[in-house]
Amino acid sequence: AQSVTQPDIHITVSEGASLELRCNYSYGATPYLFWYVQSPGQGLQLLLKYFSGDTLVQGIKGFEAEFKRSQSSFNLRKPSVHWSDAAEYFCAVGSGGSNYKLTFGKGTLLTVNP
Amino acid sequence: GAVVSQHPSRVICKSGTSVKIECRSLDFQATTMFWYRQFPKQSLMLMATSNEGSKATYEQGVEKDKFLINHASLTLSTLTVTSAHPEDSSFYICSAEQGNGQPQHFGDGTRLSIL
Chain A
1 AQSVTQPDIH
11 ITVSEGASLE
21 LRCNYSYGAT
31 PYLFWYVQSP
41 GQGLQLLLKY
51 FSGDTLVQGI
61 KGFEAEFKRS
71 QSSFNLRKPS
81 VHWSDAAEYF
91 CAVGSGGSNY
101 KLTFGKGTLL
111 TVNP
Chain B
1 GAVVSQHPSR
11 VICKSGTSVK
21 IECRSLDFQA
31 TTMFWYRQFP
41 KQSLMLMATS
51 NEGSKATYEQ
61 GVEKDKFLIN
71 HASLTLSTLT
81 VTSAHPEDSS
91 FYICSAEQGN
101 GQPQHFGDGT
111 RLSIL
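Chains as they are written, first to last, in this note's numbering: chain A, 1 to 114; chain B, 1 to 115.
Take every hint as true, because none was put in to throw you off.
Subject to a maximum C-alpha distance of 25 Å in a straight line, what follows is the list of computed SDA-like cross-link-like pairs (lysine to any residue):
id: 1; chain 1: A; residue 1: K106; chain 2: B; residue 2: M45
id: 2; chain 1: B; residue 1: K41; chain 2: A; residue 2: G41
id: 3; chain 1: A; residue 1: K101; chain 2: B; residue 2: F67
id: 4; chain 1: A; residue 1: K106; chain 2: B; residue 2: T57
id: 5; chain 1: A; residue 1: K101; chain 2: B; residue 2: T57
id: 6; chain 1: A; residue 1: K61; chain 2: B; residue 2: D27
id: 7; chain 1: B; residue 1: K64; chain 2: A; residue 2: Q2
id: 8; chain 1: B; residue 1: K41; chain 2: A; residue 2: N113
id: 9; chain 1: A; residue 1: K101; chain 2: B; residue 2: G53
id: 10; chain 1: A; residue 1: K106; chain 2: B; residue 2: S43
id: 11; chain 1: A; residue 1: K106; chain 2: B; residue 2: V62
id: 12; chain 1: A; residue 1: K101; chain 2: B; residue 2: A2
id: 13; chain 1: A; residue 1: K101; chain 2: B; residue 2: L46
id: 14; chain 1: B; residue 1: K41; chain 2: A; residue 2: I11
id: 15; chain 1: B; residue 1: K55; chain 2: A; residue 2: S95
id: 16; chain 1: A; residue 1: K68; chain 2: B; residue 2: Q102
id: 17; chain 1: B; residue 1: K41; chain 2: A; residue 2: T111
Facing chain B, according to a computed beta carbon distance under 10 Å, are these residues of chain A, among others:
id: 18; residue: Q6
id: 19; residue: G43
id: 20; residue: L44
id: 21; residue: L46
id: 22; residue: K49
id: 23; residue: F51
id: 24; residue: F90
id: 25; residue: A92
id: 26; residue: F104
Honestly, the hints are just simulated from the structure, not real lab data. Using N, Cα and C, we set each Cβ at its ideal position, and we do this for glycine too.
Construct the entire structure; sequences and hints are all you get.
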């Protein structure tokens, strides 16, 4: 069965600092990997996805993520955090193909200090 | 593009009431829609997968008679929580997929509170 681990429940950074959110997955084949962001009381917005090809993926809002097969990781990064980035971030793995199911990590809550 | 609308955004009702939540894909046809449940400070748990014109596939432990799902068209799926009780209070989120491996797009969720 596929699974996702986000080791950090809560991260606090200062505005302007760099950010890395960790994500490790378990899946038997090449996974589809996603990062979503959720603001309080809202649905999820897709930041970026990895299906195949270049292992460094660029997303919206200045985020990027790198797929490392050897480490089963898909960490999310941003060089300079803005106060508006404060939210909950979820990493997810999908089984691929059509009608695939997503398995989500437990999320990382990001707090940004001024 | 790829907007998913979920309605209502919040429901407060008495125990024993049935509540219907709608999920619409506004600018694309969704071959598949998914329903999730999210407890406070928890991740999303998939409840069921619904394909247009066929019966929904429920995840283990989800009561299909409690959570009725109808996917009558390629742009609309509904989740009805029947005879809701306080333990059904939660945040319910739907998502829709265009197919061909495209990512799921999520609605803004429905906060259900059963008194």
